[in-house]
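With chain G's structure known, arrange chain Y on it following the hints.
Top line first, the protein sequences correspond to chains G and Y. Reading the first sequence from the start, the letters are residues 1 to 287 in my numbering. Reading the second sequence from the start, the letters are residues 1 to 362 in my numbering.
Hints listed in this document are in silico derivations from the structure and should not be mistaken for laboratory results. Don't take each hint at face value.
To be verified - Straight-line distance between alpha carbons at most 35 Å, and here's what the computed DSBU-like set of lysine-lysine pairs gives:
id, chain 1, residue 1, chain 2, residue 2
1, Y, 350, G, 14
2, G, 192, Y, 347
3, Y, 350, G, 233
Said to hold, decoys possible - Which residues of chain Y face chain G? A partial, calculated answer using Cβ under 8 Å:
id, residue
4, 240
5, 326
6, 337
From the three backbone atoms N, C-alpha and C, an ideal C-beta is built for every residue, glycine too.
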Amino acid sequence: MSDYNFAYLDEQTKRMIRRAILKGLAIPGYQVPFASREMPMPYGWGTGGVQVSAAVMTPQDRFKVIDQGADDTTNAVSIRTFFERTAGVATTTKTSEASVIQTRHRIPEEPLSEGQILVYQVPIPEPLRFLEPRESETRKMHSLAEYGLMHVKLYEDISRHGHIATSYDYPVKVEGRYVMDPSPIPKFDNPKLGDMAAIQLFGAGREQRIYALPPYTQVVSLDFEDHPFEASKPDHPCAMCGAENSYLDEVITDDAGRRMFVCSDTDFCEARQVAGHTGTMNGKDAA
Amino acid sequence: MYVAVKGGERAIENAHAWLAEERRGVTSVAELSVEQIREQLALAVNRVMAEGSLYDPDLAALAIKQARGDLIEAIFLIRAYRTTLPRFGASLPVDTGKMACDRRISATFKDLPGGQILGPTFDYTHRLLDFKLAADGGVPEAATREAVPGDVPHVTEFLNHEGLIEEAPHDDTTPPDLTREPLEMPAERALRLQALTRADEGFTLGMAYSTQRGYARNHAFVGELRIGSVPVEMDIPELGFSIEIGEVTLTECETVNQFTGSKSEPPQFTRGYGLVFGQTERKAISMALVDRALRWEELGEEDEGAPAQDAEFVLYHADNIQATGFLEHIKLPHYVDFQAELELVRKLRKEAGANSVREAAE
Numbered sequence: 001m002s003d004y005n006f007a008y009l010d011e012q013t014k015r016m017i018r019r020a021i022l023k024g025l026a027i028p029g030y031q032v033p034f035a036s037r038e039m040p041m042p043y044g045w046g047t048g049g050v051q052v053s054a055a056v057m058t059p060q061d062r063f064k065v066i067d068q069g070a071d072d073t074t075n076a077v078s079i080r081t082f083f084e085r086t087a088g089v090a091t092t093t094k095t096s097e098a099s100v101i102q103t104r105h106r107i108p109e110e111p112l113s114e115g116q117i118l119v120y121q122v123p124i125p126e127p128l129r130f131l132e133p134r135e136s137e138t139r140k141m142h143s144l145a146e147y148g149l150m151h152v153k154l155y156e157d158i159s160r161h162g163h164i165a166t167s168y169d170y171p172v173k174v175e176g177r178y179v180m181d182p183s184p185i186p187k188f189d190n191p192k193l194g195d196m197a198a199i200q201l202f203g204a205g206r207e208q209r210i211y212a213l214p215p216y217t218q219v220v221s222l223d224f225e226d227h228p229f230e231a232s233k234p235d236h237p238c239a240m241c242g243a244e245n246s247y248l249d250e251v252i253t254d255d256a257g258r259r260m261f262v263c264s265d266t267d268f269c270e271a272r273q274v275a276g277h278t279g280t281m282n283g284k285d286a287a
Numbered sequence: 001m002y003v004a005v006k007g008g009e010r011a012i013e014n015a016h017a018w019l020a021e022e023r024r025g026v027t028s029v030a031e032l033s034v035e036q037i038r039e040q041l042a043l044a045v046n047r048v049m050a051e052g053s054l055y056d057p058d059l060a061a062l063a064i065k066q067a068r069g070d071l072i073e074a075i076f077l078i079r080a081y082r083t084t085l086p087r088f089g090a091s092l093p094v095d096t097g098k099m100a101c102d103r104r105i106s107a108t109f110k111d112l113p114g115g116q117i118l119g120p121t122f123d124y125t126h127r128l129l130d131f132k133l134a135a136d137g138g139v140p141e142a143a144t145r146e147a148v149p150g151d152v153p154h155v156t157e158f159l160n161h162e163g164l165i166e167e168a169p170h171d172d173t174t175p176p177d178l179t180r181e182p183l184e185m186p187a188e189r190a191l192r193l194q195a196l197t198r199a200d201e202g203f204t205l206g207m208a209y210s211t212q213r214g215y216a217r218n219h220a221f222v223g224e225l226r227i228g229s230v231p232v233e234m235d236i237p238e239l240g241f242s243i244e245i246g247e248v249t250l251t252e253c254e255t256v257n258q259f260t261g262s263k264s265e266p267p268q269f270t271r272g273y274g275l276v277f278g279q280t281e282r283k284a285i286s287m288a289l290v291d292r293a294l295r296w297e298e299l300g301e302e303d304e305g306a307p308a309q310d311a312e313f314v315l316y317h318a319d320n321i322q323a324t325g326f327l328e329h330i331k332l333p334h335y336v337d338f339q340a341e342l343e344l345v346r347k348l349r350k351e352a353g354a355n356s357v358r359e360a361a362e
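Just chain G, same shape as in the assembly (with noise of 0.2 Å):
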């Protein structure tokens, strides 16, 4: 892949997208238009991530992809072997020895720390979209930190369901200001966005966004005081690692509907294996 300049993208093109994410850090959770390029893989598939991350590495980078928190998933290795063809980067799975982690719904669970930089996809980067499909119009709210909206939502969801109904891509208030979406990360994560030490970069590649989360930044789920934000999981240990605090992914073992619940970040997970630690059901048949 000679031909194509180091992270693909030319120069000029990652200048431009340095320029969006700088000023997504200067004015954390708000969202700056940039002028998304058409990549070699398709628009929903991580195209705003993988701009991003070329925009931000250097060859001396090592770089995790994770999808659903698993770096094996097929379109995490698919973006993983696009940076080790076009930039060359070394690659790793490992959260900690990361430079650049580029996301697709979950952030790690092992806490980031200062250096790294975490690049979510994110499919529809406006939080009031679903709210008001107008473009012109959500900007607008957004201005006015016009957000009365939102809460409207979440009020009715209590009235109808006796809960907030969004259990992922759960809206957040980045300092006091703008109304934020974290990407549909499920709420589990959400407490981990704020006053995280790396830096947060979020890319809409179709849908031409790019906003951010300097380290450290205040990030509060939207709620009420008497209906507080909680984060949920299902209500399981890891069955390979016997975590009890990690978000779990539910595996359906056979035809008898019989289920077990396993860590979705696999890092984590063969981590705390090697450390000796284990579930009910390593290296066994599912009871």
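Then chain Y, alone, in the frame of chain G:
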């Protein structure tokens, strides 16, 4: 026994190999050449060039071959290639009045300077399967005639002499570039036309058709439809003058639409405009109708709430590469979000169950 899924990489490699085999088909049938596609599937090539926004018949033909005939996939290949190309500069605006027309028809005048040229059209073919084509490809020779020299004036110009049609204001400002700037609303007409010329043919057709059936009807006459080649000129700074760098085939459609007028302005016909790479007349006509529908505001028409009047709706959903990518991404794993929904629905159902038991007991 549960083992964390591994082997994504090998699965992908194997899938690619299988795909390549399927693309080739049975090897006892001769392989299709790029030249054959370029010459014999020219309308597919034209569509790929138009919606891929890259005028290169050879690359479009290659993309069609690689995409196994899936034209949206081929358009995607062209777009992804196009975006990596360096830009040397911009051409001068092409002059479609200087077009060497293969086809030029007007539905508004029986005859006109420059004449009506039917050209290579399906229009009056009877749609009967030609089984001879399955056997041999021999074609009778088509009659030829000397081209009439000189420019071919636009029909709308004749109307303009009398002031019967709105003036198309001359504008020398550099238009915005959709491929270099994010699409933001409100979009001026130049930007809307740019988005429409690369828009999905089917989407544009559906939108145009909806205006004909009464969703923001604007009663279009095809003032003129022309297809032919025009020279492309570029200013070369080192030379200080412009030179011709090539030719492109274009389809241009100008519609003459229902008139407007007011107390101060006498009634006048209005315009819709379509210009598309290649021989792509369904698309060019559709584009002209949608362009006209989107102009409701500047023409002081009523907002009927019709989809074709809604610039945000039309422009944000017209691009088939964006649309297909997002549509198909739902094939990707969503275990995590689904798990979160599962937990929530289980919890809500449990509570609903507990409530109904309590109510029954009361």
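Consistency of the hints with the structure:
no. : hint            : in the structure
1   : Y:350 <-> G:14  : 51 Å, violated
2   : G:192 <-> Y:347 : 24 Å, holds
3   : Y:350 <-> G:233 : 16 Å, holds
4   : 240             : 27 Å, violated
5   : 326             : 4 Å, holds
6   : 337             : 4 Å, holds
Comparing the model with each earlier hint shows violations of hints 1, 4; every other hint is respected.
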